[in-house]
Every structure is written in structure tokens, then in C-alpha cells.
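Produce the complete structure using the sequences and hints provided.
Numbering (mature numbering (1 follows the signal peptide of the UniProt record, and there is no 0)), first residue to last: -20 to -1, 1 to 270.
There could be a bad hint or two in this list.
[Claimed, not checked] Restricting the straight-line Cα-Cα distance to at most 25 angstroms, the calculated cross-link-like pairs of lysine-lysine (DSS-like) are:
| id | residue 1 | residue 2 |
| --- | --- | --- |
| 1 | 186 | 138 |
| 2 | 251 | 191 |
| 3 | 96 | 61 |
Since the hints were made in silico from the structure, they are not lab data.
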Amino acid sequence: MTFRVSIIIFALLTALPNFSQNINPPNGRIAIVADGNSPDPDDLGGTSISIALLRASGLENRLVHYSHSCDLVRDDRISEKAEKERHHLMQIACDMTARRWGGFNNLTFYDAIWQKEETINDLCWAINASTAEDPLWIIEAGEPDIIGMALQKTPKEKHKFVKVVTHHPANDNAGDFYTWQQILDFGIEEVRIPDQNINLKLDHEKWDWAKNHADPRIRLIWTIGNIAEIDNIVNFQKGKWDCSDAGMVLYWITGANVNNGLKAGGLEVVKSLLEDYVNNHPEPSKKKKK
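In C-alpha cells:
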């Protein structure tokens, strides 16, 4: 009877979904180019989750470039005032998440419009440092123009060591200065994965675990992503908590197209990685002033 019970328990356990995922990134460094200043505010949650995932995976030192607000021509659907708001919100999403999660002290988070020259030069530096053994993986989390401008300024012989990860043609085809085909014509490697909105743009209540979490670092992430849901510029985020662009970072963390990375990352994998980290790295308690 004991043997039979053991077999049943084993069968039940193996039938449960396995949300653990190996951290097995490919060789090289990672760069992220996001928008967030465009009408769709999903990059707020995507940015916060991406930064936290890299820290939780112990890969923060391999992030060599992060820029936001890469939508270089304002869309008529967003006013000048709201556009300015978004720039500030995206900078907060970058700087505050990085400060609270730690590990990014040597990285500057650039605004691609307000610091355009510095942004392009920083991405150029990352491209120029690339080799066959140390390639650069660029996460295209917005329009491709900044990527194109950096490729234009860098030697062609370096482009074969650059890989651009994309998940949605809405980003690829939204450039004001470069088409997606022009990006490909630089000789970079296209790394395309399925639409990450499917598993990472979810009903708001599915993120209640983060909203009510005991650790303030996770509550911070929820708060930043929640701004997108209460934003009144677009309606398609209503009722949703969206970090879809972070799915590309999760894909890279778990191996990309070299080590069979997770092409359809979902909430449970994100939750597992973040909670494992905060459980194993509690924030130090502050001493009360006498």
C-alpha cells in the first residue's frame, strides 16, 4: 500500500506545471531600447520587470545599454503635456527600479529624445565592443530608429556580431527614419519570437500577488506597471497589467536561440524568479535614529 501511495503522489507531482526555468543566457551582452513615450504606456511595466528580472537572474552586469522614449516623432494621439509626463515616468521606472533592486550603479538610463546624442553614442560603444565571442543582443522594445542610427555610425564589420530580438511587427514597422528591412540590411541577425502580449498582458487581478506582496520591491514594480492601466491616453490597457516587452528579456535570460530560451514566458515564471530573489536577498532593515 505504501508503494502504491508513493506512485500516486509521484504521478500527481509530475503532472503539475513546472514553472521553474533555468537561467542559461547565451554569450554576450544585452542592450534594451524601449519607447514608453508613445501612446501605449506598457513599457512602464515592461521596463520595471526587465530590470528586476536581470537583477534576480544575477545578470545585471551584462546589461550595457538601456534607453527609453525611442519614439522620436510624437503621435497625435498623445498631447505635448502627456508626452512630457511619459518621459518623466519612464525615467522613474528605470532609475527607481534600478535603485531599489540594486546592481546597476555603473549604468546610465538614457532618454532617447532628451539625450539623443548620448543615447546613440552609448549604443554605438556597445556595438563597437562586440565580437564573435561577445556579441550584443539588442532588445527592440520600441521603434527601431535609435538602433538604425547607432548601426549607421558603427563599422559594418561589427554588425555581424549584433542580434536584434523582436516580438511584434508593431515595433518593427513603426520607425519614422528606418524601416525594418533597412535594419536587416545592416547585416544584423534577426531573432524573432512570438507575440509576448499573449502571456504577459493579463487581467489586472492576476497581478494582485504583487500589489499585496510583503516585499516593497515587488510592490514597487506593481505600482509602476499600474500607471499604464490608469493612464487615460489609450483605452486598450484598461483592466490589464502589461509587461509584454519583458518577455524578450526573459527569453534571453533563459537561453535565447542559442540555449533554447523560453519563447512564451508567462506570469508564473516571472513571479518565481522575482520571489526567489527577494526571499533569498531580504532588504537590510534600517536602524532607527535615536
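Quick rundown of the hints versus the structure:
1. Between residue 186 and residue 138, the direct Cα distance comes to roughly 43 angstroms. Violation of the 25 angstroms bound is thereby established for this hinted pair.
2. Annotation: proposed proximity of residue 251 to residue 191 holds, straight-line Cα distance about 12 angstroms (limit 25 angstroms).
3. At roughly 20 angstroms between alpha-carbon atoms, residue 96 and residue 61 fall within 25 angstroms of each other, so this suggested pair holds.
Against the hints set out earlier in the document, a violation occurs for number 1 only.
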